[in-house]
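Respectively, the protein sequence lines represent chains A and B.
The numbering used here applies: residue 1 is where the first sequence begins, and numbers increase by one.
The numbering used here applies: residue 1 is where the second sequence begins, and numbers increase by one.
Careful, some of the hints might be misleading.
[To be verified] Here are the computed distance ranges between Cβ atoms for each label pair:
#: 1; chain 1: B; residue 1: HIS45; chain 2: A; residue 2: PRO258; range: 42 to 50 Å
#: 2; chain 1: B; residue 1: ILE161; chain 2: A; residue 2: THR378; range: 23 to 31 Å
#: 3; chain 1: B; residue 1: LEU35; chain 2: A; residue 2: GLY360; range: 43 to 51 Å
#: 4; chain 1: B; residue 1: LEU156; chain 2: A; residue 2: GLU208; range: 35 to 43 Å
[Stated by the list, open to error] For lysine-lysine, the following BS3-like pairs were computed, each having C-alpha atoms within a straight-line distance of at most 25 Å:
#: 5; chain 1: B; residue 1: LYS72; chain 2: A; residue 2: LYS122
#: 6; chain 1: A; residue 1: LYS386; chain 2: A; residue 2: LYS342
#: 7; chain 1: B; residue 1: LYS72; chain 2: A; residue 2: LYS197
#: 8; chain 1: B; residue 1: LYS198; chain 2: A; residue 2: LYS526
#: 9; chain 1: B; residue 1: LYS198; chain 2: A; residue 2: LYS123
#: 10; chain 1: B; residue 1: LYS72; chain 2: A; residue 2: LYS524
#: 11; chain 1: A; residue 1: LYS155; chain 2: A; residue 2: LYS114
#: 12; chain 1: A; residue 1: LYS86; chain 2: A; residue 2: LYS261
#: 13; chain 1: A; residue 1: LYS86; chain 2: A; residue 2: LYS143
#: 14; chain 1: B; residue 1: LYS72; chain 2: A; residue 2: LYS407
#: 15; chain 1: B; residue 1: LYS252; chain 2: A; residue 2: LYS403
Honestly, the hints are just simulated from the structure, not real lab data.
In this text the structure is predicted, and so the values were computed from the model without any measurement.
Glycine is no exception: its CB is placed at the ideal position from the N, C-alpha and C atoms.
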Amino acid sequence: MISKLVLPTAAIAIASAIFLVPSVMAQNYGGTLKIGVDVDLKTANFAKTSGNSHAVYAPLVSEGLVNFDMKCNVVPALATHWDISKDAKTFTFHIRKGVKFHNGRELTAADVKKTISWHRKKKNRSKSRGRYKRGGVSSKRIKVLDRYTVQFKLKTPSVSLPVLFNSRKSQILAPESLTSKPPRPIGTGPFKFVEWKPRQYTKMVRNEHYWRKDKNGKKLPYVDKLIIKPIIDGSTRYLALKSGDIHWANSIPLDKIPNIKKNPPKWMTPGIKAGSRWWWFQMQQKHKGPLRDKRVRMAIAHAFDKQAIMDGLTWGMASVENQVFPPGTNWYFKNLPDPYKKANVKKAKALLAEAGFAKGLTLNTIVRNRTEVLNFATLAQAQLKKVGINLKLRVMDYGAHRKTTKKKKYDTNVGHYSFQPDPHWRYQTQFSTGARSNNPAYSNKEVDKLMKKAAGELDKKKRRAMYRKVVELINKDVVVLFFGHQPIAQASRKELKNFVTNCNGDTQWAYGGASNAWFVNPSKHK
Amino acid sequence: MGVLSPVTCVKLQNEERVQRYILHRILVLLPVLILISLFCFSMLHMIPGDPIDVMFDEDDFDDAETRVFYEKLLGLDRPFHEQYIMWLGKVLQGDFGNSIHFDRPNAEIIWERFPATILLAFGAIIVSIVIAIPAGVIAAIKRNTAADHGAMTFALLGISIPNFWLGILLIMAFSIYFPILPSSGFEASIADPVETIKYLILPSITLGTALSAILARMTRSEMLEEIGKEYVRTARAKGVPERTVIFKHTLKNAMVPILTLLGLQIANLLGGTVIVETVFQWPGVGSLVVDAIYGRDYPLVQALILIFAVIFVTVNFFVDILYKWANPRITLE
């Protein structure tokens with residue numbers, strides 16, 4: 001009796017599992033993924049692009065020796081591992097075997113040397129040249145040891161060198177494609193470049209030989225084609241997503257978030273999370289003036305209600321932080337002392353009076369003409385007014401702002417900077433005395449000494465302690481005030497699954513992005 | 001030996017006058033273009049920041065050596081007048097130079113973007129004429145009635161509504177709530193004209209609405225002026241059908257100032273409309289020139305300004321010729 005029931009029951013159970021379990025549980029291959037982004041390329045030659053457009057487009061086609069994981073920690077990519085000498089001056093990278101460029105040729109150590117050497121040559125006008133130069137990379141000191149091993153020698157120690165070769169900024173392209181006309185980048189990434197039409201779209205197709213697999217060992221990417229549409233205006237991008245003209249948007253206007261959180265639209269999968277771009281307020285130290293007096297700087301720091309500013313900028317989505325790295329990342333320091341976290345207007349006024357500015361003062365403030373930066377400046381202006389400080393805002397476009405910043409012709413400056421995965425590439429470049437990116441002319445010999453030592457420190461614990469001290473000192477000097485991190489607001493349509501980005505909101509990263517996204521019903525998205 | 005008839009003499013004199021007029025306009029064009037280019041060149045160099053400042057972001061670590069290299073490469077280390085003369089010399093030989101940021105010939109970049117601008121300008125003009133001329137004529141014929149007030153209220157709204165807001169509203173209406181048109185983008189395919197028109201409709205309506213508002217008001221006021229004239233009263237008294245009075249006589253005479261306005265608007269539209277291009281992600285020259293200015297892409301901006309100037313002068317020239325057609329009594333001086 002029992003045996004007569006077992007078989008039919010089992011058959012029914014198996015049939016149910018096959019037919020009733022929704023197809024969303026299985027990754028489906030096929031379809032054309034359309035994504036909307038807020039930048040367009042200036043050229044299809046990825047060896048010559050830089051900035052945000054490069055970070056969005058290039059990683060889909062090409063990769064670096066290392067990549068970033070979900071928390072923006074460095075993980076192997078085209079290099080399986082690397083050895084660092086005791087003096088942190090010699091780095092030996094072991095190239096992953098069997099990785100093919102889109103033209104079918106295998107990636108070798110020689111390609112790594114050729115690509116980086118190409119970037120280092122001035123006449124090639126690569127935007128990466130400065131970065132490699134800054135990192136101490138010279139073509140004369142790159143050696144190919146064998147087919148899959150390449151070695152870099154530096155003049156000064158730099159533990160963070162591997163970070164320089166990341167898949168976000170420093171990809172390895174097939175050397176034969178570096179100067180192709182018309183430009184056609186050939187990399188090892190999940191997608192092959194097909195076509196770029198300025199201000200219209202960039203077309204890519206699946207790389208059938210992509211070396212990375214999903215966690216079940218299945219091939220990536222899942223989609224057949226990828227079309228990237230540059231939709232610069234935020235509202236238009238959001239409407240394009242809503243109408244279904246695109247399936248994923250790399251940035252949706254922050255003012256939409258409160259409503260989305262309250263009443264999540266049925267058609268949308270939101271991707272809202274803490275981000276990594278860090279807000280700052282700089283006080284110029286180069287020329288003589290009130291800001292050279294630490295009491296004035298402390299007064300400004302005390303006057304700010306940082307949480308109110310972050311709430312105003314991010315619609316309540318960000319917390320106050322007094323360091324570059326966001327919570328959850330490797331280089332975030334917990335429990336850093338922060339005497340300026342909450343506003344103290346009384347103390348601010350007292351300090352100003354002590355410094356001889358009881359009647360207040362006016363500060364020339366340069367502001368880049370981006371909406372969120374202007375918002376920040378306006379909020380800062382309103383708060384400092386309460387203590388008698390008048391921020392005279394000079395709004396300017398990127399070119400004028402950059403020129404004025406470099407010439408240091410301002411008292412205060414506001415803005416946000418992008419994420420760098422290692423403290424050397426952020427703290428060193430912006431806080432060491434005389435550094436080109438040290439715009440407020442900050443100088444602290446102890447900070448310089450610590451950072452120089454940390455650059456060559458192989459012991460992770462010791463290095464971490466050094467940078468913690470660096471951040472404490474920077475905060476104590478009150479030349480640059482940190483506020484918090486700009487959240488990431490992305491979204492996809494429900495018919496698209498698993499387009500997950502990392503702490504940087506990258507379209508493509510080590511274990512996710514466009515390569516890991518798939519359609520519930522690919523046949524509807526040809 | 002034949003003697004020319006008075007009619008033939010007048011015809012020959014007119015032809016000679018037109019030829020002199022055309023030659024005069026061509027000769028005046030060159031100094032105008034030089035003046036415009038010099039003015040533009042000066043203004044560009046006065047704006048703080050140069051192409052090298054814009055080329056790099058904070059993470060590119062451009063150093064002093066890099067700056068010197070690029071200054072030399074782009075000729076920015078030379079005195080202002082030398083830079084201008086070198087540029088002018090190349091332009092007179094037909095070489096518009098290379099874009100600093102796109103690293104391609106400017107002529108190629110501009111050529112790529114112009115079809116989209118022409119298409120959009122054409123679409124906007126069609127929309128504006130289709131709405132404005134009938135609305136203006138009806139408002140004039142039925143003066144001080146509901147039709148007149150309705151048409152003029154529409155005209156007021158058309159001028160007052162910001163076109164970026166109208167654009168977003170149209171996208172919401174026709175791409176989301178009644179999804180019959182794409183929300184943004186550009187398609188230009190001879191093989192698939194329907195798809196081309198689909199993408200063109202919303203930006204054309206957005207752009208054409210404000211233009212139609214101005215045109216409708218002008219049509220109404222010109223028509224009212226013509227309707228009040230004696231020849232109209234005479235024609236009506238002679239029993240000429242009203243349709244003929246309005247469309248054959250009155251409207252034709254009212255067209256002269258309307259043509260001027262249309263001509264100026266076409267020239268404006270061909271210069272690109274950055275806001276509509278941004279809202280609809282339309283790859284026209286408007287957004288190109290704004291990006292080029294932000295990027296301090298001196299050669300590209302110069303090339304674009306020159307082309308806009310030529311377009312403006314040429315369109316005005318054709319408008320003058322059209323005057324003559326609309327009103328043969330007008331002499332070209």
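Going through the hints against the structure:
1. B:HIS45 <-> A:PRO258: 42 to 50 Å: This hint holds: roughly 45 Å between Cβ atoms.
2. B:ILE161 <-> A:THR378: 23 to 31 Å: This hint holds: roughly 27 Å between Cβ atoms.
3. B:LEU35 <-> A:GLY360: 43 to 51 Å: Roughly 49 Å apart at Cβ, these two residues keep to the hinted range, so it holds.
4. B:LEU156 <-> A:GLU208: 35 to 43 Å: violated (60 Å)
5. B:LYS72 <-> A:LYS122: holds (12 Å)
6. A:LYS386 <-> A:LYS342: Measuring from Cα to Cα gives roughly 15 Å; hence the hint holds.
7. B:LYS72 <-> A:LYS197: Measuring from Cα to Cα gives roughly 31 Å; hence the hint is violated.
8. B:LYS198 <-> A:LYS526: holds (19 Å)
9. B:LYS198 <-> A:LYS123: Violated, at roughly 46 Å.
10. B:LYS72 <-> A:LYS524: violated (54 Å)
11. A:LYS155 <-> A:LYS114: holds (20 Å)
12. A:LYS86 <-> A:LYS261: violated (51 Å)
13. A:LYS86 <-> A:LYS143: holds (19 Å)
14. B:LYS72 <-> A:LYS407: holds (20 Å)
15. B:LYS252 <-> A:LYS403: Not satisfied, since the Cα-Cα distance of roughly 56 Å exceeds 25 Å.
Hint check: violations occur at hints 4, 7, 9, 10, 12, 15; the rest are consistent with the structure.
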